[in-house]
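Chemist: Sequence:
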Amino acid sequence: MAELTIKPEEIAGALRRYAEEFEAELSLEQVGVVKEVGDGIARITGLPNVMAGELLEFPGGLMGLALNLEEDVIGAVILGEASAVEEGETVRSTGRILSVPVGDGMLGRVVNPLGEPIDGKGPIEHTETRLLEIQAPGVVDRQPVNEPLQTGIKAIDSMTPIGRGQRELIIGDRQTGKTAVALDTIINQKGTGVRCVYVAIGQKGSTVAEVVQTLEETGAIEYTVVVNSPASDPAAFQYLAPYAGCAIGNHWMYNGEHALAVYDDLSKQAVAYRQLSLLLRRPPGREAYPGDVFYLHSRLLERAAKLSDELGGGSLTALPIVETKGGDVSAYIPTNVISITDGQIFLESDLFYAGVRPAINVGISVSRVGGNAQIKAMKQVAGRLRLDLAQYRELEAFAEFGSELDKASAQQLERGARIVEVLKQPQYEPVAVEDQVVAIFAVTQGYLDRVPVASIGQAERELADFVHARYAHIADHVRDHGDIPDEIEAALVRAIEEFIDTFQPEEGEMAPIPALEEEIKEELDPGPRLGQTEEDEEVAEEEAVDEAASEAEAEGEA
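Residues 219 to 776 (the working numbering) are what the sequence shown spells out, left to right.
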């Protein structure tokens, strides 16, 4: 066996080659030290170049968010288990701003405010992320809201319509049906191509589980993302949850599609932000909220918009929910959000307990977009609805004194009671817009006056079935064209009259055809026909006056 020999020249050559090929790799990291930690807040020294809202990395992979940038100290909220962070530990700057995964892969999933799945269905496939906080679209980037977003709720679609790109506040005391209104709207988007994001902030786990179950049973989970930050989460997660949901919705908006975001509810986000601000030693203001609590909500809700055609024409509609105490809408957070949004839907406990559900107070509920967000057919049939209801409420209050009412007032009370019944509907059963138009036309034009009040719901359901079965072209025209021309109106009148003649109420009996006096008819006159202009009405009145004068003259000659 040959003896292994290593020549000194070979060793020297190998070392020389290694030295020539060696490249020094320098890694530069900004690091700081945890000076103080407690209540989910870490105060860090060092890191002079950190940005506001930058992610910081603690030992063990735990992340934090830099919120306070003071002269010598950084105040950061810990995104996770704060007990794992100790004083003296090293903190690294990441140079990244908080972002979440977005895209169609999120649909049907339940995620936390960081976009991580919490439904046990495995990882989420996504190809894109989006920053949690971005600048809202400017005036030039927007266009007016002019496309309806149907909620399926008759009281909303007829009197406080919502358009794509609008911000409509849902406000009311606890247990008045605020979440139910939002879920009905989500369920009604089935087949419309609108993607939905439901953000649950500070709610009980059982409540969110019920919401997810409802979405699954109705098939709405297929086009919905649920962002959940329950009451057991740290305040930082509850503060971030709405921005995460908004970022997910903004992805579809900027891709020329339509999205709907529900924030349930912003009162709890404001409380979480107040907690963080006080722990960060920011000076408190009214109700101990920090001075920028208005900006907390305005920068979120301003990101809902209808983009210009140059940017694709996409939209994000926001339905923020705010809880009041004792119906007090003049509290700090409710007044803030009311001033930011484009209208509010006010839910009342008294109406809820009286059996009027959804318990919408139409007197103080308003949509600042108004008729621009309605189809023409709904504008035609619901134009007098709010006025009729207001007059009914006044008469109802007057009638409580026991005063005798004239026939016209009594008849108006009867019709008002039927309008209230028509506007009621069961939970999680949105009504198609064509069926809404038929029902509202029937009740406002007096065709349901003979139906017992207790059977109005039955009559409405059976009338919709009757129209779809025997006069399907009416429903098809309203749905496809969105208006009611004269021939469709005539067919609708025939359909309703034919239905009323054969209707058998389950409760009560049909009233006889009323023989009203002429002056009563005039007081109850619903106004001009749907296709009639004010000039046509004036001409008709002049002709009626001339005819009456001719008759009087003929009687005098006789």
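Just so you know, the hints here were simulated from the structure itself, not pulled from any lab data.
Wrong hints could be hidden among the right ones.
Claimed, not checked - Straight-line distance between alpha carbons at most 30 Å, and here's what the computed BS3-like set of lysine-lysine pairs gives:
#1 Lys625 x Lys594
#2 Lys408 x Lys642
#3 Lys408 x Lys594
#4 Lys339 x Lys408
Said to hold, decoys possible - Label-pair distances were calculated between CB atoms; the ranges are:
#5 Ala572 x Tyr550: 28 to 36 Å
#6 Glu305 x Pro501: 54 to 62 Å
#7 Arg688 x Glu724: 15 to 23 Å
#8 Lys422 x Thr345: 55 to 63 Å
#9 Gly726 x Pro335: 47 to 55 Å
#10 Ala449 x Thr345: 31 to 39 Å
None of the values given here were measured: they were computed from a predicted structure.
For glycine and all other residues, C-beta sits at the position ideal for the given N, C-alpha and C.
Chemist: Decide, hint by hint, whether the structure agrees.
Modeler: Tested hints:
{"no.": "1", "hint": "Lys625 x Lys594", "in the structure": "33 Å, violated"}
{"no.": "2", "hint": "Lys408 x Lys642", "in the structure": "22 Å, holds"}
{"no.": "3", "hint": "Lys408 x Lys594", "in the structure": "22 Å, holds"}
{"no.": "4", "hint": "Lys339 x Lys408", "in the structure": "23 Å, holds"}
{"no.": "5", "hint": "Ala572 x Tyr550: 28 to 36 Å", "in the structure": "29 Å, holds"}
{"no.": "6", "hint": "Glu305 x Pro501: 54 to 62 Å", "in the structure": "26 Å, violated"}
{"no.": "7", "hint": "Arg688 x Glu724: 15 to 23 Å", "in the structure": "21 Å, holds"}
{"no.": "8", "hint": "Lys422 x Thr345: 55 to 63 Å", "in the structure": "34 Å, violated"}
{"no.": "9", "hint": "Gly726 x Pro335: 47 to 55 Å", "in the structure": "53 Å, holds"}
{"no.": "10", "hint": "Ala449 x Thr345: 31 to 39 Å", "in the structure": "33 Å, holds"}
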